[in-house]
Each structure stands twice: as structure tokens, then as C-alpha cells.
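S.K.: Here is what each chain is made of, one letter per residue.
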Amino acid sequence: MKKWLQALRRNLVALMRRPGAALSVIFLLAITLAAIFADFLPLDPLRQRVANALMPPNGTNWFGTDELGRDIIARVVYGARTSLITAAGAVAIAAAVGVPIGLVAGFFGGWRDAVLMRFIDVLLALPGILFAMAMIAVLGRSQLAALIAVGVTGIPSFARITRAQVLALRKRDFVTAVESFGGSSGYNMFRTILPNSWSPILVQVVVLSSVAILLEAALAFLGVGVPPPTPSWGEMLRTGKNYLYEAPYYAILPGIVLTLTILSFDTIGRALTEILEDRHDTGAGLKPEGSKA
Amino acid sequence: MDAGTVTTVGNGSVSEPVLSVRGLEVDFVGSGHPVPVVRGVDFDVYPNEVLCIVGESGSGKSVTALAVSGLLPETARIRGSIGLNGTDVTSADDETLRMMRGQEVGFIFQDPATTLNPVLPVGRQITEGQLAHGRLKPADAPARAVELLREVDIADPEGRANQYPHEFSGGMRQRAVIAMAMAGKPKLIIADEPTTALDVTVQAQVLAVLARRQAETGAAVILITHDLGVVAEVADRVAVMYGGRIVETGPVGDIFKSPKHPYTSALLQSIPRIDATEARLEPIPGTPPTPAALPTGCTFHPRCMLGNGRPRCQSEDPALRPVGPTQMAACHYAEEPRPTPQAATVRSAPAPRTGGEPLLAIDDLKVHFPIRKGILRRVVGHVRAVDGVTLSVDPGETVSLVGESGCGKTTTARTVMGLIKATSGDVRFEGRSIVGLSRGAMRKARRQMQYVFQDPFSSLNPVLAVEDIIAEPLRIHGLYDEMGGDKRIAELMDMVGLSRTMFGRFAREFSGGQKQRIGIARALALQPKLLILDEPVAALDVSIQAQVLNLLQDLQKELNLAYLFVAHNLSVVRHISDRVAVMYLGRIVEESERDALYDSPVHPYTQSLLSAAPVPNPEGRRARRRIVLEGEIPNPAKPPPGCTFHPRCFRATERCRSEVPAFLPYPGLPTRAACHHAGPLRPEEVPGPARDLEMVR
Numbered sequence: 000m001k002k003w004l005q006a007l008r009r010n011l012v013a014l015m016r017r018p019g020a021a022l023s024v025i026f027l028l029a030i031t032l033a034a035i036f037a038d039f040l041p042l043d044p045l046r047q048r049v050a051n052a053l054m055p056p057n058g059t060n061w062f063g064t065d066e067l068g069r070d071i072i073a074r075v076v077y078g079a080r081t082s083l084i085t086a087a088g089a090v091a092i093a094a095a096v097g098v099p100i101g102l103v104a105g106f107f108g109g110w111r112d113a114v115l116m117r118f119i120d121v122l123l124a125l126p127g128i129l130f131a132m133a134m135i136a137v138l139g140r141s142q143l144a145a146l147i148a149v150g151v152t153g154i155p156s157f158a159r160i161t162r163a164q165v166l167a168l169r170k171r172d173f174v175t176a177v178e179s180f181g182g183s184s185g186y187n188m189f190r191t192i193l194p195n196s197w198s199p200i201l202v203q204v205v206v207l208s209s210v211a212i213l214l215e216a217a218l219a220f221l222g223v224g225v226p227p228p229t230p231s232w233g234e235m236l237r238t239g240k241n242y243l244y245e246a247p248y249y250a251i252l253p254g255i256v257l258t259l260t261i262l263s264f265d266t267i268g269r270a271l272t273e274i275l276e277d278r279h280d281t282g283a284g285l286k287p288e289g290s291k292a
Numbered sequence: 000m001d002a003g004t005v006t007t008v009g010n011g012s013v014s015e016p017v018l019s020v021r022g023l024e025v026d027f028v029g030s031g032h033p034v035p036v037v038r039g040v041d042f043d044v045y046p047n048e049v050l051c052i053v054g055e056s057g058s059g060k061s062v063t064a065l066a067v068s069g070l071l072p073e074t075a076r077i078r079g080s081i082g083l084n085g086t087d088v089t090s091a092d093d094e095t096l097r098m099m100r101g102q103e104v105g106f107i108f109q110d111p112a113t114t115l116n117p118v119l120p121v122g123r124q125i126t127e128g129q130l131a132h133g134r135l136k137p138a139d140a141p142a143r144a145v146e147l148l149r150e151v152d153i154a155d156p157e158g159r160a161n162q163y164p165h166e167f168s169g170g171m172r173q174r175a176v177i178a179m180a181m182a183g184k185p186k187l188i189i190a191d192e193p194t195t196a197l198d199v200t201v202q203a204q205v206l207a208v209l210a211r212r213q214a215e216t217g218a219a220v221i222l223i224t225h226d227l228g229v230v231a232e233v234a235d236r237v238a239v240m241y242g243g244r245i246v247e248t249g250p251v252g253d254i255f256k257s258p259k260h261p262y263t264s265a266l267l268q269s270i271p272r273i274d275a276t277e278a279r280l281e282p283i284p285g286t287p288p289t290p291a292a293l294p295t296g297c298t299f300h301p302r303c304m305l306g307n308g309r310p311r312c313q314s315e316d317p318a319l320r321p322v323g324p325t326q327m328a329a330c331h332y333a334e335e336p337r338p339t340p341q342a343a344t345v346r347s348a349p350a351p352r353t354g355g356e357p358l359l360a361i362d363d364l365k366v367h368f369p370i371r372k373g374i375l376r377r378v379v380g381h382v383r384a385v386d387g388v389t390l391s392v393d394p395g396e397t398v399s400l401v402g403e404s405g406c407g408k409t410t411t412a413r414t415v416m417g418l419i420k421a422t423s424g425d426v427r428f429e430g431r432s433i434v435g436l437s438r439g440a441m442r443k444a445r446r447q448m449q450y451v452f453q454d455p456f457s458s459l460n461p462v463l464a465v466e467d468i469i470a471e472p473l474r475i476h477g478l479y480d481e482m483g484g485d486k487r488i489a490e491l492m493d494m495v496g497l498s499r500t501m502f503g504r505f506a507r508e509f510s511g512g513q514k515q516r517i518g519i520a521r522a523l524a525l526q527p528k529l530l531i532l533d534e535p536v537a538a539l540d541v542s543i544q545a546q547v548l549n550l551l552q553d554l555q556k557e558l559n560l561a562y563l564f565v566a567h568n569l570s571v572v573r574h575i576s577d578r579v580a581v582m583y584l585g586r587i588v589e590e591s592e593r594d595a596l597y598d599s600p601v602h603p604y605t606q607s608l609l610s611a612a613p614v615p616n617p618e619g620r621r622a623r624r625r626i627v628l629e630g631e632i633p634n635p636a637k638p639p640p641g642c643t644f645h646p647r648c649f650r651a652t653e654r655c656r657s658e659v660p661a662f663l664p665y666p667g668l669p670t671r672a673a674c675h676h677a678g679p680l681r682p683e684e685v686p687g688p689a690r691d692l693e694m695v696r
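Line by line, the protein sequences give chains A and B.
Note that numbering that gives the first Met the number 0 has the first sequence beginning at 0, numbered continuously upward.
Note that numbering that gives the first Met the number 0 has the second sequence beginning at 0, numbered continuously upward.
If you are wondering where the hints come from, they were derived from the structure by calculation, not from laboratory data.
Quick reminder that beta carbons are idealized off the backbone N, C-alpha and C, glycines included.
Errors might be hidden in some of the hints.
[Said to hold, decoys possible] Derived BS3-like pairs (lysine-lysine); straight-line CA-CA distance at most 30 Å: (1) B:K184 - B:K372; (2) B:K372 - B:K420; (3) B:K136 - A:K170; (4) B:K186 - A:K170; (5) A:K170 - B:K528.
[As the list claims (entries may be wrong)] Heads up, incomplete: computed chain A residues facing chain B, CB under 10 Å, no partners named: (6) P194; (7) A217; (8) T258.
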């Protein structure tokens, strides 16, 4: 629908007025574009030149090479792909499952609410990293496993945010009005309440993206992330730490990029919350929920 | 400017003003340009007088009061002088202000529910300020609290002092706030809409207490309100504010009798009156200006009949100047005769009831909400929100349901609409029962009746553009194209007086009155025969109410609509209704044709309600005697036995305590009433001056 695109544009404009948030948007945009168009760049993350292993920064390899002589910049750029795909997939899963659960639980209340929210409580009780490792143990080391694991741990936050939003909107007159001229519950949930709930959900998307990237990196750091030789920031940090004496620059670039990415997502999330709280046109100004794994 | 430097007060003596405000200007500095909210206000308040500041939203009346008390937020920039007993408030430091607030000024805010701290006993709160100022020894505080509560007529003050605010009813809370404001014997009391959140019978109690305490202490009172009825009841002098300035000031009698400023006179003509019926309202065109976008010159000129577009009004902001011996007005042409209002179109007398099939028939409708307790959610009782309502609405007729909050009028309306499930009883629309219909059948039935909500700010979906809001009922019923699509929407917008150029705008871009028009257009989209109007003008500014009421009357004539009109405002109800039903605690206690009900009510509750309603006529207030009802509406979960009104009734006898009165026709009148002792009000039943509000004047 074009209405929420408008809202999205409005939020984006408001974001660009804040210097910190604007820098974050630009940084993430750059990372994303680099990840998407990496194939067209003169970078190859897999080409090994063992003779050039652990080279310090130089003219051809601006941030040096790794233990197999692969270009670190290339691996960081392709690593962004891994991170962003994991984040996008995880957020998609979490939102696709969590939002409808929250909608139904909040809208109907009663036993549906009790059953669904107890299920959410169970999910919430699972420690993210342990659950992810268990998933990987079952599904094997793959990007899909990491993505599903992160996605499932993100479901509760979406369900709870949406439910809180529905509860705030459920008793508003414009929802009752739709009921009064004969709109069905489904119409009310998806056509009236959901479009009014995009703002906090959007904030949650941003917040969960950073959680997902961090969790993916953590899994890779523990050696259970995407299988080699696919590049991943966490994987690079893990290997890089073994060469901290010989090649201290190894871990610098992936570390900086990872930190900046997380920082950018969080900055945008915080700015969005403030922007949406200032604006009174939709329901309750809700803080994003979600703890760092 | 000398805004009444010398004023004689009630006792005829001349005295120094308690408060003297000169050239007060307040700007709010936000992110953009500073917004001028108050633009040069001068006034004085003398001991033992009540100054009412009247104005609509955005007129700057509340900000003026906050400036006087030094309570403005930091984003406000203040210029001018505010002299309170010789101290200048604008330049005072925090400590002086703090002392001043305890001793010189007392405050009464609009909502007593938020003024009191919920975790402190009421008794402790009302003496807290005096303790903090060291004017009361901690050991004496409990006794003083009891004394203060007794002074504001709270029954059992010893017991009540230890209770928490949630154990107090709304009226008692506001009286406790008055006690708190009076605790330091301040010389000035500022009351900001003190009764707006209260019901009319409770409002009468609170105003009576405020007036009596004021007379006893000789304090000066600034009462801020939008309700001209309240002004006429309590004011000595009036200051009318518009667009951040005082546009007229003078003694209350003169202002009401011969208003000099065109805004004041237009305002007086635009309010529905409980003491007159037939005249069509003369609404003020347009909407009150917002402080961020004030018109040039005289801020009232775009809406003014007198100025009539004269260039001087558009370029020069008129100064407040004396017009006549007692009044001052800010108008270039205040002395000119008013353009005579258009010949009042008389509302045709209600058509005699046809006796045919009513459009809507409600038959012994009951709605009980279960109260559940404990982990097992066992039902321990019922809230009898609606407890046996029988009412019918004929085609083209307006029937009003009137009553105080909690009487079940909105629940009745929503149950008729099918938004709440009926516990028992029947609702028939055109002869067919609509209770317990299947989803599909209910959907069809709903096409014939539509609901207009009280609060236009929350009843429109904020993410939809105006045309989509109005089209939504058509789309839901799949009739959008069949009914003519965009053309139908444009037609509906014309019908309610909205311009087609507003297509594509969102709800938040409209003013309150426009939003309510959108709500009405949406309700008309499906061509219903019945509109259920739930307090449709209660949330609107006074000058906008008249516009919407006239629109409703025009639409009714044009489309032969029937209205079920739910309201608490007796003046509005008298203006718009053919028949009126008065509800009390879930039941209709009296129902009659409009004039019969207002002119010769027979149920004691109706009589008290009518007597408590403030009349915008200061002349009459000395002659008027009012019945001030004791107590408040009982808890509908535990209604009193017998007649539910008996604990507050001045006619109650033993029989009323045990036997529920039947709802029976009253001989000689088109009235039905549920009372064992129904009958006209006898003179000896009206309390003597000892209980009267006017005693103190």
C-alpha cells in the first residue's frame, strides 16, 4: 500500500535531519550496496596466494591479507553479504511469525491470548546463543540454520510489540467504527490496526537486525557459523585473534565494520523511537523491546 | 491602559486589586518561530470577586492563568508585569514563587483524578503544602485536614481523611482539591475549568462549595471556563479572550445583556439554551485561529459579521477601550448596531406520532457485565449497565437519551448498534429483531443504521486519507462502485460542508469540527435510516457546536433521518430533540415530548437535573433556586434496592426503599415516568436559601 510507503518516506526524511542517524543511514547504505554489487567490484574473497599470507597493508591489499593470502577487504565486503542476508532472513521470519501472533492474541484476547503468549514466553525463555547452537547441531552448519535460529529467537519481541500496539488501538473509536459499519475481525486486524502499528514494528526491525548480525558474528566466532570458505565477519575475527601478534591489522577491519554496523542500526533505532514518540498520530509511542543476545 | 483600576465590589467598598496584570505576553519557543499565545493582556482581580475568563481552545486563557502562577514551562517567554499583592511574579525567584504558591495563590485544576497523588491519603495531601511551608505543626495536621474536609461538605471527614483518592468519587475529589487550594487561606484562587470533567448535578455541588468557601474567606477567584452557563451562574466580572487577547471585559450582567464585541454577541447567539428552544442557532463561521497562524489585524475579522471585511479590521489590531460606562471592548466598530441575525427559522413542531411501526424499538433491553474475581475467574456479580430500557424511534424523529456519566446511555446506544452483546431484551429495526442475528444478517442490518462517535480525534483512522475514511463503509460492503465511487464521496463531502479540495488529506490535518463532519459523512455513506449520535458535539468548541448541530438538523430534513441522540448536555438536547428520555442507573426514569419534559417534568431526578443545569442568564440567577442533589450516582454493581434513585431523592418514602416503581404513563401529559411519587415540583420542595448557591452572593 502506498500509505505506509509514505509513512516510511516521512520517517526517512525525519531521520536524515539528525546528523548521527543520517551518517548511520549512509554507512548502512554503502555496506548494503557493496554487498549487493560485490560481484562487479575487482575483489575476490576466495583467491588464495599462500606466498602472500599475512601481508601488512600495501598498495594492492589495502588492509593486508589473511593466513591464506586472501584479500581482507574482499572478505569483509563479501562478509557483509553473509551478515545482511542472515539479518534480513531472520527479521523476515521473526516478523512473519511474531506479528500475526501478536495481532491475534491482542485482538481476540481470552484463551487465544493466553495460549499464544505462553508459547511466546517459552520462546523467550530459550537463551538465544544456546538455541542457535542446538539448531545448528540439528540442521548442520549452514547459513540457513543460523538464519532460522536467529529468526526464531526474534519472534517474541515482534509478537509482544504488536500485541501491545493492538491492545492500545483495540479500544480506539476508529477500530470500533469499522466494526460498526460491518467490517470483519480480519479486516480490522489487517487493514485498520496493522497499518497503524507499522511504526513500532519498523523500530523493531531495525533493532532485531543489529541483534541478528551480532548473533551471526557470535556464532561464527564460536566456529559454528556459516561453513568456510564463505567469508563472515565473525569468522574473520575468530581467525584473526590467532594472529594478533604477527598480524594485528588482520582483525581491525572486520572489527571496525562490525562495530559500525551495529552502532548504525542502534543509532537509527533510537532516533526512530524518538521521532515516532514525538508524533502523536498513531497509538502509543512504544519503545522497542528486545535484548542484546 | 487601565483595565478597571477602580472597581466597586460586592460590599460597595473600593479596594486594592489582589492581582494586577499589565501587558502580559507569552510566546512559546519551540523548534520553529516563537508562537505568540498570549498577546498583551491587562486585567485586575479584587478581593471577594469572581473573574471569569471565557474563551475557546487556543484563546490563551489557560496560559494566562499559568503565567500568573509562575507555572509556565521553560519554553515560554514572558513579557509584561504580573503584580500579586505587590510582588512581581515575572521577575520573582524560585523561592519567592514557592512561598507565594502556598500562601497567596491556590489552584484548582480541571481533572481531580490527576491532581491528587494516588499513593497518599487525601487528608495528608491537603495539608502537605502547609506542612512544607512550616505553617502547620505535624501534630496538628490530621485535625486540620479533617476540618478542611468538613468545610467542603465531605461527609464523615474523620474517616475520609485517611482514605486514598481512588476511594473518593469525582465530585468528592474535586472538593478535596478545593480544600487543598484553600488550606493556606490564599488571597487568590485560580480554578482552570474546575467542573468540566464533572456531571451536571456534581458540578452544581462543586460550584456551590467553591462559592461558599470563597465568600467565607473573601478570596479573589479567577475561574477559567468555556461554559457560558457556568459564567452566568458564578461570575462577577467577565473577560472574554480570543486569539490571545482580551476582546471584551465588564460586569457579568452587562456582558450578557448588551455584549459590545461582535465575538461575544456571536458566541451568545451560537449556544443552545436550556431556557429557549425554537430559534435556529447562529453559528460563528470558520474556526478559532491557532496561535501559530493568527490572522492579520483584528484576529476575529475572518469570522466577523460586524467588520464585514472592512480594510481597517484587516490591517489594524484594535485596542481594548472603554465602550459604555462599565464595559471595555477591543473592536473598531463596537458602537455600531449589530447586523440583525437572519430571520430565525423555527424548527417545526414535532410531527404527531404516527402510531405506525417505529423505525427502532428497544424492548426491555438489559446489558449486564460480569465481574470476575480470583484465579478461577468466577463471576461474583454483575454491573447492571443497562437494566431494562424500553424506547422507540420513529422515522425522521430525534429521540435523545440524556443522563449523567455511568447511567448507561452510551452502553444502550452501542448495544443497539450491535457493538455490545445484549444480556436480554429485544431490539427491533423496522419490525425485525436484530438481537442474536448471524454475522451476515447483522452486517446487512447495519447498513440501515450508523454510529457517530463522540471524539472526532480518535474515531478517524489516522493512516487513511479523508476520501478513504468516508469510502470505508462502502468498500466493506462492496458497494463502492455501485454507489458511484468518487462521485458519491464528493457528494457526501458536499453534504456535510467539506470542500472537495480536501481530498488526499489525513485526519490530523483537520480541525475538530471538520473531523466531526467527516465522521458524519462516513456515517451517511451507506444511506442509513437511523443515525446513533453519541455525544457528537461534546468534544467541540462552543462556536463549532452550533455549526454541527445545524448541519445535523439540515441533514435530517433533507434525508428524513431518524436520530438516537445520546448526550449529557441538557441545552443541546432541548435544542435538537423531538422526544427525550432521561436515564438514571441503567433505567429510563422519565420519557416525554421535548417541551413537556423540560417545562413540566414529573420525576424528581429530571427536576433536579434541570434545576442543576447552569443557565446562561445572569439576570435569572438571583431568582433561581436550585435543587443540589446529595451524593453521586451509586455503583451500578450494587444498585440500591427499590427505586434506585431513592438515596438521593427528596421525595423518597418507605415504599421507594423496597418497591421498584413501574414505568407508567403520567395522566394529562405525553409523559411516562418511573416514580411512585411522580408529579410537578412543589414550591416547598425547592430548598430555601440556606442551601442555595446564591446565598453567598
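S.K.: Take the hints in turn and mark each one as holding or not.
M.R.: Structure-based check of each hint:
1. Distance check on the hinted pair: K184 of chain B and K372 of chain B sit about 45 Å apart at the alpha-carbon level, beyond 30 Å; violated.
2. This hinted pair checks out: K372 of chain B and K420 of chain B have alpha carbons roughly 21 Å apart, not beyond 30 Å.
3. Restraint check for K136 of chain B and K170 of chain A: the C-alpha separation of about 48 Å exceeds 30 Å, so the hint is violated.
4. Distance hint between K186 of chain B and K170 of chain A is unfulfilled; the C-alpha atoms sit about 44 Å from each other, more than 30 Å.
5. The suggested pairing of K170 of chain A with K528 of chain B holds, with an alpha-carbon distance near 26 Å, which does not exceed 30 Å.
6. At about 5 Å, the closest approach between the beta carbon of P194 of chain A and any beta carbon in chain B falls short of 10 Å, and the interface hint on this residue holds.
7. For A217 of chain A, the suggested interface contact is broken, since its CB lies about 38 Å from the closest CB of chain B, more than 10 Å.
8. Checking T258 of chain A against chain B by beta carbon gives a least distance of about 32 Å; that is not within 10 Å, so the hint is violated.
Checked against the numbered hints above, the structure breaks hints 1, 3, 4, 7 and 8 and satisfies the rest.
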